[in-house]
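Visitor: Residue numbers (this note's numbering), protein chains in the order written: chain A, 19 to 342; chain F, -4 to 120.
In short, the hints are calculated from the structure, not lab data.
Everything numeric in this text was worked out from a predicted model, so none of it was measured.
Any given hint might turn out to be false.
Mimicking SDA-like on lysine to any residue, the simulated pairs with C-alpha atoms at most 20 angstroms apart in a straight line are [stated by the list, open to error]: (1) A:LYS107 <-> F:ASN72; (2) A:LYS108 <-> F:ALA60; (3) F:LYS55 <-> A:GLY106; (4) A:LYS108 <-> F:LEU52; (5) A:LYS175 <-> A:GLY148.
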Amino acid sequence: MRIVVASGKGGTGKTTIATSLALAAAEGETVRVLDCDVEAPNAALFLHPTLNQRKEVGILLPVVDETFCTYCGRCAEVCEYHAIAVIGKKTLVFPELCHGCGSCTLNCPKKAIRERLDVMGVLESGPTPGGIDFARGVMNVGEPMAVPIIRELKKWKPMSLQAAANRAAEHIETKQRSNPLIDEGIALGESVPRTSSPQGYDIIEIRDAPPGASCPVVETMRGADFALLVTEPTPFGLHDLKQVAEIAHKLGIPAGVVINRDGIGDNAVDAWCAEANLPILMRIPMERRFAEAIASGQTLVEAAPEYRTAFQTLLQDITARVAV
Amino acid sequence: MKIIITISGNTIDSPLDPRFGRAAAFCLVDSETGEWTVHQNPALSASGGAGVQAAQLIAKLGAQAVISGSYGPNAANTLSPAGIEMYLAPTGETLTAAQVLALFQTGKLSKAQTATHAGHHGGGY
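Excised from the complex, chain F in its bound form:
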């Protein structure tokens, strides 16, 4: 299964980035083989709609699930229709993407059904 983990660096040993739409980068990892690649987030500097843009990239990369710290309403409303599952990583301690992957593989991560925060702005200012 192909999974995206939001990260703040360039490798699978980089720390988790708890933001989804504004994550620095996405680590695409195959949960069976452990093979991974890193993709920069084009939405990092978007003036608005970062969640929508980031979710589209993830769908294009063919991921079936994403692991991040939180999801805004636009991100959730784009990921859900795409059938991409949203998992929540613990954000209290700094974990690397590899550690987060291990938690996922042992079934220790919970799923978010809807957005976990109310969004950053209505857009348009």
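Next up, chain A with everything else stripped away, as it sits in the complex:
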């Protein structure tokens, strides 16, 4: 089961909820945490993983071999992003426009295009002291696109599963290039196989989403089974909650709301959730001790152990809603 923790507005408590939900779930389940906020990943500050694996990721950029190129212009025709142009006897590549979809390479009738990895960031992964399989993407400073890193992060498998996957891959014909846009099920409503451990038990995967409501959030949500939307009862919180709720709705992902800093602001979030038929699954009151604990690097369930039960109930609630 894949749970995305998203919010729209930044600073509402996505990582607070994601890390405590992960710790509570790890008491009885196999848990994987993906920090998808690749521009500013911070879940590791709370879960303390040993990041013992590192992999460079990015997109595949076309490299044109002029000795084979006939300047037919097919590559420029199929490029959705105008990242490759044919002008007279020159084929030009614009790396900053390229999304790495591979269409030019696939369509070149002379096979004059090869690809090189344009590194945009790294995946770092390893276990936490609590036995959670942790992975995060870290985008290089100055890169404009977070989506390719998030896409790779979602494909990440813990070491043991990776080794098994590698063995299986040896027996599969791998000549055909896989399309990264299709891998994770870009089509809305496409069913994605559930994450299962080798033993057949369901793994709980928790994705800590980036703030906002743009492409990186959509990519993080895509393929998830449930969207847990963290908000605060303020006009800003509500405004951005509406945006992410709309994304979840369009992707066909069931959603529920956590109201953090409950008691501040107004009742507009409650009213809108009732109107939109979005269940409010948890409320965390505004308390100074929570803020102090989190500022010092503690998770909510460590600072307030009475919340362990609440998070376990939350997980059961989500599981029941996904099963419907």
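Here the structure of chain A is known, so what remains is to put chain F in place on it, guided by the hints.
Guide: For chain F alone, coordinates are given in the frame of chain A:
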């Protein structure tokens, strides 16, 4: 010499469109005979890379020079290797393509050697 003038209408008497990649249309005019045709810009609604797409069309139309108000880096990097010269039209006042052509014919327009603005986005959002 065949020249493209970026315009916001459908004739040589239409006002100059100061944008290159996002120009509404291109007026292809022969500077010797004055014969002209108008071509819609397919890049007008492109999500990105409009300059690249527009420059390719202009190369296909066989123009040797283009007159517009400004050029982004991708447009300049496509037009330059194609050997298409970039001229700058005054943008302070609203001139028609015909008036801009007259300025060109009397040598009153300056050439842009590189991009005149830093581009609109890195693409990819």
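Visitor: Hints first: check each against the structure and report whether it holds.
Guide: Hints versus structure:
1. A threshold of 20 angstroms between alpha carbons decides the hint, and for LYS107 (chain A) with ASN72 (chain F) the separation of about 15 angstroms falls inside it, so the pair holds.
2. Straight-line distance between C-alpha atoms of LYS108 (chain A) and ALA60 (chain F) comes to about 18 angstroms, which keeps the hinted pair within the 20 angstroms bound.
3. Of the supplied pair hints, the one linking LYS55 (chain F) and GLY106 (chain A) holds, its CA atoms being roughly 9 angstroms apart against a limit of 20 angstroms.
4. A threshold of 20 angstroms between alpha carbons decides the hint, and for LYS108 (chain A) with LEU52 (chain F) the separation of about 15 angstroms falls inside it, so the pair holds.
5. For the hint linking LYS175 (chain A) to GLY148 (chain A), the alpha-carbon distance of about 18 angstroms falls within 20 angstroms, and the restraint holds.
Of the numbered hints listed earlier, not one is contradicted by the structure.
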